[in-house]
Amino acid sequence: TQLLEQSPQFLSIQEGENLTVYCNSSSVFSSLQWYRQEPGEGPVLLVTVVTGGEVKKLKRLTFQFGDARKDSSLHITAAQPGDTGLYLCAGATQGGSEKLVFGKGTKLTVNP
Amino acid sequence: GAVVSQHPSRVICKSGTSVKIECRSLDFQATTMFWYRQFPKQSLMLMATSNEGSKATYEQGVEKDKFLINHASLTLSTLTVTSAHPEDSSFYICSAGGFSYNEQFFGPGTRLTVL
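Protein chains in written order, with the working numbering: chain U, 1 to 112; chain Y, 113 to 227.
So here's chain U without its partners, still in its complex pose:
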C-alpha cells in the first residue's frame, strides 16, 4: 500500500508567521498535487508538481517536489487568516492508475 505521510497534522500560528507542511513517502509518484479544503466544501486544487526538484510559487505559497519524487513541501510566507484550512497532498501513482493517494491532511489555523 502506498502511503503519503503528511506533517504536522495540526498547526496553529499567528498572522505573519511562516510555516512549512511536509508530505513524505517511500514510493515514487509521477505527479503530486496540493489541495486546500475549507469546512463544508470540496478540496480546491492549488498546484501540481511533476518534475523532481521542481519549485512552484503561488503568491505567498511555495511548493517543492523532491528530487526523487517521493516527497513534497508547502511553505507559506507571512500567513494570513485567509490561509486557514485543511491542506491535503495527493500523489499520482505510477503504472497508469488515475487514482490519487491522499495524505491525512494538515489543519492550519492562522489567528489574527
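No lab work stands behind these hints, which were simulated from the structure alone. Some clues are possibly wrong.
[Said to hold, decoys possible] Only pairs whose alpha carbons sit at most 30 Å apart, straight line, appear in this in silico DSBU-like list of lysine-lysine:
#, chain 1, residue 1, chain 2, residue 2
1, U, K57, U, K107
2, U, K104, Y, K167
3, U, K57, Y, K153
4, U, K56, U, K104
5, Y, K178, Y, K167
6, Y, K167, Y, K126
7, U, K70, U, K59
8, U, K99, Y, K167
9, U, K70, Y, K153
10, Y, K176, U, K99
11, Y, K132, U, K104
12, U, K104, Y, K178
13, U, K56, U, K70
The hints should help you fit chain Y onto chain U, whose structure is shown.
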C-alpha cells in the same frame, strides 16, 4: 480549473430510506469520476472509481450493493446510498478526473445525515 457540481448539498433522511447524490461536470466531459467519503477532521477516503458506460470499480471494504454508482453520461455520475443507516452519515464528495497529471477537480460535497 474544471467546474463540478453536486446535488443536494445537504440531505437528512430516515433510517432505511435510499438517498441519491448527483455529481455533474459543468464545462467538460468527464470520462472518469471518483466518489470519496470524508469523516470529520479526516482526509478523503476513496470509495469507488466511476467510468462512463461501465461498472464502477469499488475500493476494498466498500459495499457495492450499499453504495450504487451509475455513470450513464459524460457529465453525470450518481451515488445512491441504499437503506441508509446512521453510520452512513458523512460528507460525500465527488471529483472528475481524466486530466493531465491525474489532476482531479472536486465538487462541493454533500452532507448526509441519517436519523
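Hints versus structure:
1. U:K57 x U:K107: Holds: U:K57 and U:K107 sit about 21 Å apart, inside 30 Å.
2. U:K104 x Y:K167: At roughly 29 Å apart (the allowed maximum being 30 Å), Y:K167 and U:K104 satisfy the hint.
3. U:K57 x Y:K153: Judged against 30 Å, a Cα distance of about 27 Å means the pair holds.
4. U:K56 x U:K104: Holds - the C-alpha atoms of U:K104 and U:K56 are around 22 Å apart, at most 30 Å.
5. Y:K178 x Y:K167: holds (15 Å)
6. Y:K167 x Y:K126: Roughly 28 Å separates the two Cα atoms, so the pair holds.
7. U:K70 x U:K59: holds (25 Å)
8. U:K99 x Y:K167: holds (16 Å)
9. U:K70 x Y:K153: Within the cut-off at roughly 25 Å; holds.
10. Y:K176 x U:K99: Holds, because 18 Å separates the two Cα atoms, which is no more than 30 Å.
11. Y:K132 x U:K104: At roughly 28 Å apart (the allowed maximum being 30 Å), U:K104 and Y:K132 satisfy the hint.
12. U:K104 x Y:K178: At roughly 26 Å apart (the allowed maximum being 30 Å), Y:K178 and U:K104 satisfy the hint.
13. U:K56 x U:K70: Holds. U:K56 to U:K70 sits at ~17 Å (cutoff 30 Å).
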